[in-house]
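Trainee: Residues per chain are reported as follows:
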Amino acid sequence: MSTISAPTTVGPAPTNVGPARVRAAKTSEAGRSQSRMSRRLLSALAVVVALAWVFPIYWMVNSAFQPLNKLQAENPAWLPIGGTISNIRRVVNDGTFWQAMRTSLAVVVLVLVAALIFAFLAALAVSRFRFRGRKSFILAILVVQMIPAEGLFISQYQVLDGWGLVNKVAGLALVYTAAILPFTIWMLRGFVAGVPIELEEAGMVDGLSRVGAFFRITFPLLAPGLVAAGVFGFLQAWNEYTLALVVMTDPAQRTLPLWLQSLVESNRATDWGVVMAGSAVIAIPVIAFFLLVQGRMTSGLVSGAVKG
Amino acid sequence: MAATAPTIPGTATPGTTPPVRRRRPRMGAYALLVPATVLIAVALGYPLVRQFRISFQEYGLKQQFGAAPEWVGLQNYTDLLSDSYVWTVIARSIAFCLVNAAVTMLIGVALAVLMQRVGRGARITLQVSLLLAWGTPVLASMTVWQWLFDTQNGVINWTLANVFGLDSWAHHSWIIQPLSFFFVATVIVVWMSVPFVAFSIYAGLLQVPEETMEAAQLDGASPRQRFWGITIPMIRPVLSIVLLLQVIWDLKVFTQIYTLQRAGAPTRDTNLLGTLIYSYSKDFGTAGALATIMLVITLALTGFYIRQMLKEDEL
Chain A
86 MSTISAPTTV
96 GPAPTNVGPA
106 RVRAAKTSEA
116 GRSQSRMSRR
126 LLSALAVVVA
136 LAWVFPIYWM
146 VNSAFQPLNK
156 LQAENPAWLP
166 IGGTISNIRR
176 VVNDGTFWQA
186 MRTSLAVVVL
196 VLVAALIFAF
206 LAALAVSRFR
216 FRGRKSFILA
226 ILVVQMIPAE
236 GLFISQYQVL
246 DGWGLVNKVA
256 GLALVYTAAI
266 LPFTIWMLRG
276 FVAGVPIELE
286 EAGMVDGLSR
296 VGAFFRITFP
306 LLAPGLVAAG
316 VFGFLQAWNE
326 YTLALVVMTD
336 PAQRTLPLWL
346 QSLVESNRAT
356 DWGVVMAGSA
366 VIAIPVIAFF
376 LLVQGRMTSG
386 LVSGAVKG
Chain B
376 MAATAPTIPG
386 TATPGTTPPV
396 RRRRPRMGAY
406 ALLVPATVLI
416 AVALGYPLVR
426 QFRISFQEYG
436 LKQQFGAAPE
446 WVGLQNYTDL
456 LSDSYVWTVI
466 ARSIAFCLVN
476 AAVTMLIGVA
486 LAVLMQRVGR
496 GARITLQVSL
506 LLAWGTPVLA
516 SMTVWQWLFD
526 TQNGVINWTL
536 ANVFGLDSWA
546 HHSWIIQPLS
556 FFFVATVIVV
566 WMSVPFVAFS
576 IYAGLLQVPE
586 ETMEAAQLDG
596 ASPRQRFWGI
606 TIPMIRPVLS
616 IVLLLQVIWD
626 LKVFTQIYTL
636 QRAGAPTRDT
646 NLLGTLIYSY
656 SKDFGTAGAL
666 ATIMLVITLA
676 LTGFYIRQML
686 KEDEL
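If you read the protein sequences in the order shown, they are chains A and B.
Mapping the first sequence onto this note's numbering, position 81 (from 1) lands on 166, and the numbers just tick up by one.
Mapping the second sequence onto this note's numbering, position 154 (from 1) lands on 529, and the numbers just tick up by one.
Please keep in mind that the hints were generated in silico from the structure rather than gathered at the bench.
Do not rely on the hints blindly, as some may be mistaken.
With a straight-line Cα cutoff of 25 Å, these simulated PhoX-like cross-link-like pairs (lysine-lysine) come out [what the hints assert, rightly or not]:
#	chain 1	residue 1	chain 2	residue 2
1	B	K657	B	K437
2	B	K686	A	K220
3	A	K253	B	K657
Stretch-level coverage of chain A by chain B, calculated; a stretch enters the list once three of its residues show a Cβ under 8 Å from a Cβ in chain B [as the list claims (entries may be wrong)]:
#	region
4	195–204
5	363–373
Just so you know, these numbers come straight off a predicted model, no measurement behind them.
C-beta: ideal position from N, C-alpha, C; glycine also.
Whenever a hint applies, use it, and build me the whole structure from the sequences.
Mentor: Here is the structure:
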């Protein structure tokens with residue numbers, strides 16, 4: 086207790102500034118090798134962080150292939166050597182899994198078709214036209230995203246109930262589409278704004294109609310943006326849990342996340358292998374899909390946020 | 376199942392040719408906005424208005440079986456706000472939101488800067504790893520983390536006991552104590568949220584022009600000065616929007632808390648606003664009032680910020 090030396094923290098700060106200034110002034114040989122050293126250290130740090138971050142996913146896959154006795158052994162089995170596919174088989178042979186898969190697919194297809202068409206039209210309006218209320222609309226799009234959907238679910242349930250849409254694919258798709266539309270419009274707006282109008286005008290000078298110029302010139306350039314927005318919508322609808330929990334109360338109408346939660350609740354503490362197999366079966370296709378297009382998603386967000 | 380799926384009202388209307396007309400672009404623009412606006416109004420706007428109305432009504436079991444709802448004025452609100460438990464949950468939610476948003480932003484910025492400073496191989500390794508975490512469905516992540524933190528055979532307890540020699544952690548139950556419950560929840564939420572933050576900010580960093588940095592370097596600015604004086608101001612728009620989204624998302628967190636509660640945590644000590652509203656699902660009036668309170672809190676936390684953003688950025 087008595088040896089606490091508070092002022093030491095002041096020390097390092099000035100010394101840090103010194104060498105940097107020297108380096109900036111004259112890029113000496115020593116300075117360069119020092120920066121190479123620090124680059125190497127940082128790279129090592131990055132790899133360590135990467136391994137820590139990916140570990141849960143590795144563990145999911147690893148456990149999915151472990152037999153029950155290895156999962157409950159004194160020491161964990163770190164590698165799926167001598168693994169089993171019986172966990173995966175149990176999941177895939179389960180009728181309720183395929184039922185949930187069909188429901189999820191139906192919801193996702195409906196959501197994607199509606200959200201992409203509607204968002205595309207709206208994005209076109211706000212980035213290609215100047216009209217009164219344009220700014221208010223963009224503002225509204227931002228504000229709508231602030232609405233805590235988690236606070237709204239009971240009311241949404243009641244509304245759907247009134248229209249006989251509870252436990253219906255269409256009902257869930259309706260609330261999902263409304264939930265992802267604002268962000269999709271926001272994202273597509275960035276992409277549409279990124280295609281210079283001059284290209285279209287050049288097409289019109291060459292004799293195309295405005296609609297023709299749009300579909301021949303702008304639309305193909307927007308394809309990556311539409312794909313990115315589509316994947317974003319797919320992920321949202323595929324993964325969503327809360328609204329599904331409220332709207333799909335009938336076990337026969339479960340989506341995949343609801344199915345997984347019921348799998349957890351019936352196998353927790355008894356067989357984590359099956360639970361991990363179920364998680365992996367749901368997660369891996371999604372992850373693969375996501376990896377394919379994420380770059381465009383991020384750039385879409387940033388350009389939507391930064392550009393006009 | 377799939378065969379019975381009817382179309383969403385309005386899917387058929389837009390057709391293939393957008394009503395873009397050369398002569399009357401204004402009307403064309405409005406027409407383009409109609410489908411999206413109608414759908415949002417029907418599935419978000421109407422429930423929001425309805426919820427607001429119901430929050431002033433007595434709407435319990437009796438009403439669900441057909442009795443007319445009774446207007447009770449501010450009764451639901453005063454009932455909620457005079458309950459000290461509700462205040463505890465509100466304070467807890469705000470604390471959870473701010474801690475999670477802060478930790479996520481710090482790690483996210485750190486990793487974005489790291490991505491910029493390391494070699495190509497290390498960067499791609501880090502990016503792929505973050506993407507894997509980002510792409511994992513929430514429910515799958517939740518089950519994996521429950522398994523990692525499992526009392527009996529969880530690898531975290533095993534590591535603490537056998538690698539770090541902390542024997543008392545051998546069969547530690549992580550979610551029984553509220554504080555430890557929220558620690559687990561924070562680890563999971565941060566793990567899921569950091570990739571989005573890191574990638575958005577990294578994309579922002581890439582837009583900082585190299586020439587500016589070189590000019591500052593020639594003028595003798597230290598790396599730290601360059602970071603705080605040039606990089607941060609230039610990526611401010613991205614930082615703002617990411618932080619804003621993070622605060623909103625972390626305030627309305629539901630799935631993570633709900634699934635952890637289902638794993639056997641004491642509900643009352645671990646409720647946040649989302650799960651508390653859900654627990655009122657038999658009493659629509661109270662649920663509506665609490666949801667309205669939550670909306671007000673969200674606006675209070677973010678309103679100033681949104682105003683600032685609107686002032687600075689041309690939409």
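Trainee: Between the alpha carbons of K657(B) and K437(B), is the straight-line distance 25 Å or under?
Mentor: holds, 10 Å
Trainee: Taking a Cβ-Cβ distance under 8 Å as contact, does the region 363–373 of chain A have three or more residues in contact with chain B?
Mentor: Answer holds; 7 residues pass the 8 Å Cβ test.
Trainee: Please work out if K686(B) and K220(A) have their alpha carbons no farther apart than 25 Å.
Mentor: holds, 12 Å
Trainee: Would you mind confirming whether the straight-line C-alpha gap from K253(A) to K657(B) stays at or under 25 Å?
Mentor: It holds: about 21 Å lies between the C-alpha atoms, which stays within 25 Å.
Trainee: Against chain B, does the region 195–204 of chain A show at least 3 residues with beta-carbon separation below 8 Å?
Mentor: It holds: at least three residues are needed, and the region 195–204 of chain A offers 6 whose Cβ sits within less than 8 Å of chain B.
In summary, the structure agrees with every hint in the numbered list given earlier.
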